[in-house]
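**Q** Protein chains in written order, with the UniProt record's numbering: chain A, 1 to 159; chain B, 1 to 159; chain C, 1 to 159; chain D, 1 to 159; chain E, 1 to 159; chain F, 1 to 159; chain G, 1 to 159; chain H, 1 to 159.
Each hint should be verified, as a subset may be incorrect.
[To be verified] Here are the simulated DSSO-like cross-link-like pairs (lysine-lysine), alpha carbons at most 27 Å apart as the crow flies: (1) F:Lys83 x H:Lys31; (2) E:Lys148 x F:Lys31; (3) E:Lys149 x F:Lys45; (4) B:Lys157 x B:Lys45; (5) D:Lys31 x C:Lys148; (6) D:Lys44 x B:Lys104; (7) H:Lys117 x G:Lys149; (8) F:Lys117 x F:Lys63.
Derived by calculation from the structure, the hints in this document are not laboratory data.
Protein chains: 8
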Amino acid sequence: MSKFRLDEVDHQILDMLIDNTRVPFTDIAKKLLISAGTVHVRVKKMEDAGIIMGSSLVLDYDKLGYSFIAYVGVFLNNTSQTKFVLERINEIPYVTVASVTTGKFNIFCKIRAKDTKHAKDVIFMIDDIEGVYRTETMISLEESINDKKRLMHTIFKEM
Amino acid sequence: MSKFRLDEVDHQILDMLIDNTRVPFTDIAKKLLISAGTVHVRVKKMEDAGIIMGSSLVLDYDKLGYSFIAYVGVFLNNTSQTKFVLERINEIPYVTVASVTTGKFNIFCKIRAKDTKHAKDVIFMIDDIEGVYRTETMISLEESINDKKRLMHTIFKEM
Amino acid sequence: MSKFRLDEVDHQILDMLIDNTRVPFTDIAKKLLISAGTVHVRVKKMEDAGIIMGSSLVLDYDKLGYSFIAYVGVFLNNTSQTKFVLERINEIPYVTVASVTTGKFNIFCKIRAKDTKHAKDVIFMIDDIEGVYRTETMISLEESINDKKRLMHTIFKEM
Amino acid sequence: MSKFRLDEVDHQILDMLIDNTRVPFTDIAKKLLISAGTVHVRVKKMEDAGIIMGSSLVLDYDKLGYSFIAYVGVFLNNTSQTKFVLERINEIPYVTVASVTTGKFNIFCKIRAKDTKHAKDVIFMIDDIEGVYRTETMISLEESINDKKRLMHTIFKEM
Amino acid sequence: MSKFRLDEVDHQILDMLIDNTRVPFTDIAKKLLISAGTVHVRVKKMEDAGIIMGSSLVLDYDKLGYSFIAYVGVFLNNTSQTKFVLERINEIPYVTVASVTTGKFNIFCKIRAKDTKHAKDVIFMIDDIEGVYRTETMISLEESINDKKRLMHTIFKEM
Amino acid sequence: MSKFRLDEVDHQILDMLIDNTRVPFTDIAKKLLISAGTVHVRVKKMEDAGIIMGSSLVLDYDKLGYSFIAYVGVFLNNTSQTKFVLERINEIPYVTVASVTTGKFNIFCKIRAKDTKHAKDVIFMIDDIEGVYRTETMISLEESINDKKRLMHTIFKEM
Amino acid sequence: MSKFRLDEVDHQILDMLIDNTRVPFTDIAKKLLISAGTVHVRVKKMEDAGIIMGSSLVLDYDKLGYSFIAYVGVFLNNTSQTKFVLERINEIPYVTVASVTTGKFNIFCKIRAKDTKHAKDVIFMIDDIEGVYRTETMISLEESINDKKRLMHTIFKEM
Amino acid sequence: MSKFRLDEVDHQILDMLIDNTRVPFTDIAKKLLISAGTVHVRVKKMEDAGIIMGSSLVLDYDKLGYSFIAYVGVFLNNTSQTKFVLERINEIPYVTVASVTTGKFNIFCKIRAKDTKHAKDVIFMIDDIEGVYRTETMISLEESINDKKRLMHTIFKEM
């Protein structure tokens, strides 16, 4: 649990990459008054340390026909099946997030689907996994916030 | 709700960018046997159409000291306050996702915090918003899946 | 609570009308070996007694763009507002059924909407009625049975 | 999901039939200043397209001795049994509506019965279906609204 | 469901017996200005009709060492076991009331016990019945009303 | 909380009265081989000690038109209102039992009514009491056991 | 259930020991103007009577790395397994309290763990006990009161 | 959050004190083959570091007439009142533990009382605190485990 130490320059580099992962290193270098090589070395170091795990596109799922979002709480027959069930859930691409949780559910998932009918199919895929006892679904009528950038900037400001 | 039409080349470009947003366009061009200019034009077109909304870093929050994840269900005094409360929630950077939901909660949030004590502070920030009547929290003991890439690839394979 | 007495002929007339309200009285008469006038008199009598309250079309809501069905449980601030709230609910055409119920809800509604977004709007209309304290929604992923004809035939067979 | 196109005349015909399915086509023709043949053709076309699925009587169930209405939530042992259980439920004429639902129930039914004792019998019929794990019942103390005509008119006004 | 007809004199006799089942018939006769024989005949008639099913002592359970009252909700594995389980419950004298109920419980019982420890034993007796899946207990901190006499008088006043 | 001491003779007298409160004291005397005067003295002593609080008729409510039984859980705005609300509840004769309870309800009542419609009226009377925040109702589909005699006999056998 | 009688001197001795179990008997003797031998005799007597069962250290669990507190509700398959499951729970040192409870849980535990990950392991240990059907966890964000001394002083003041 | 370092000798001293806080330091010294002065210094050091916060008697509450244990979940009107309500709860000596919790309750308490009636009084004291919206109580039928000593020994064995 010992944390990697990031200095002020690392923070500023991350601050720029958070807003646009495709920004050229030469632009970052110019802005921070350091050499592009330094930017390269710093980013490499943060990748090696596992702090930067990769980058991902932010797509508009509505435009791609996937506007249906739901949260599915999963009850297991027995928690000894947790690992097995998570592996089966991992085979369903429509599940984008899955956590082992406290409270009434054993596992809690977020799914994206095309519409009500497709959501039913995805929920039934989860229901049909061996060891899954029951599921309970809560539908998102509108996802108003989905933004980790504010958190990332806050983390670096705080450090 | 009419959808933008993506062709096979668009899909292949997206497929490569999903895995690494920083892959140079020349690499994409070489792989797909098209010109880098074509890649550029296609990406630009998908950005203009709003399909590609941006890109984001995938960071290791554990290594950054933010290993605590919780889901917070919010009850409002009245749903006419939904918009106002969402704006206040949006000012709390530790809330990374917020949805208007069916079921017992009016709004459902995902938060990231440093530890139990910090989580309490974040939950109290939400509780203190005018119009929030009560919150109920479910803690993630382990986030096993957090991966939209599988979904993105599936979407393009299906289209 | 004293019941209107229907005889065998009434039952047979109803049995035919249940399957098709537009069947000509002459067809009914021919089938039952009675005069069309008798059919007319009997139907009139059942209408006057209030047993036949009218007729309605069975439309395919999916084809009309209304494929979203949800059940909305309504909590009131006080049951003395029940009548007032039901009158307001009655002004929302998307609510097709509303009952005063036992259990955790005060009023229980069935709604039909175009899609998730429209459903949210309809739910908010209910939420915004004065006296409504909270609502809880359960979404129908697929309406498999919606058929009163089986019941009607059973009632007449039993009598 | 491509929708059948209805024009203004179709809407007006439907608007009249909604209020009284037995209105003669000649009356509709006179009102809309078109020929009875046109009415006939239009209705036929809407029937063929599956928009008009039939017609049904509106009966006064109270007067027929069926004044007891309840909603029954069904929990299944496993959702793979959904189809089988729905077929068994379909054999019980006292169930007028059944949906596959999100939330805590797998299937949600509406039933009509003669009285408390009869309701118990109907609930037990559902409970006894293989694959049904448990049911939970909510009783309607008074059905205040049961009217799809407002919705139908709204749909045609909106189109 | 046809009701036995009680006349004014029957009501007055019942009204007196409700307050004290041991009141001599001669006292009733004097008060109502009828003969003791008439009182006897009327009471006999009401007993034969099954309206008067018997009489019971009202004891002070606190003074007898049974001050602990609890309500126990019973979940069954399957409602087909209802009759069998009720017979087993009937063998436990500490259960004074048991109903088949709607809502989340299959059977709902009232129990009287000596103290917390004894209550636990009684609850475990119910839990151990074959077919009982789970129980949920709600403890009465103080029984403020337990009086059917007000209801009986009201019934006779209303008739 | 010191208990009144009952001896073997008291128990035997109570055992006979429990089954029939109207049994003449001479019959009890004959059976127990004691004098009628002794029976009288003993009963008087138990009445004075408050152990015997009175006697009540066991009526067949079904035959009297009161076949509807429900349990109503009451939520208060504040428990400081408990005493006041219980006094108001005590004015409703259809409430036969009311307890202050642990668990989710503040007060828990048993009601008897004529039918569904009457039950709704009684529930609304409770709902309309000042200080009552909400009620939740559970309907008895069949009261299978309602018998304190088994308990009474057990108490005296145990002592 | 007959209680041991403590006199005023016993109370005063206990009052001093409650605040500091290590206070020398000579100090207690001086304060109460009695001999140290008397203190010794009295304490011995209370230990023999089982009133004083021992003494325990009050440690700062946060400083020892055990800052995570949770309450775990346990559902059993059958209450006949209660004793067996409690014995298994007793083998898990991280469970500091366990009660057989009324309400929805069969057994209710308090656990202390190092952090979220460790808590998950402890909860899974409980989940894996044969006869445990499901658990539900509630996390303590901050233990504000944990103090039996106030109660002890109150008990002795009251006696 | 940096932890005080305890060495092997400290652990052994604590291990002995955990079982009996009144064990003389000379006994500890003899057992561990160190001087009594060293024991004294080590204990003093652990007290100064705040690891040892004090000691408490383990009393038999049953024998003292306090055999009733309950858990009380508290709902607040608003979490901004948490601190104020905890201060009021702290004035009730019958509350031995109180935590700010996740899940449905804002504050979760453990209380000890003499009997059902006294428990009601204690619960009402909590209910009457300004800012407390509602409470929900779960009664302990039997406290089977209440033992931190196993945990303490485990902690020191692990370190």
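**Q** All hints are to be evaluated individually against the structure, with a verdict given for each.
**A** Hints, verified against the model:
| no. | hint | result |
| --- | --- | --- |
| 1 | F:Lys83 x H:Lys31 | 62 Å, violated |
| 2 | E:Lys148 x F:Lys31 | 32 Å, violated |
| 3 | E:Lys149 x F:Lys45 | 24 Å, holds |
| 4 | B:Lys157 x B:Lys45 | 20 Å, holds |
| 5 | D:Lys31 x C:Lys148 | 32 Å, violated |
| 6 | D:Lys44 x B:Lys104 | 45 Å, violated |
| 7 | H:Lys117 x G:Lys149 | 23 Å, holds |
| 8 | F:Lys117 x F:Lys63 | 18 Å, holds |
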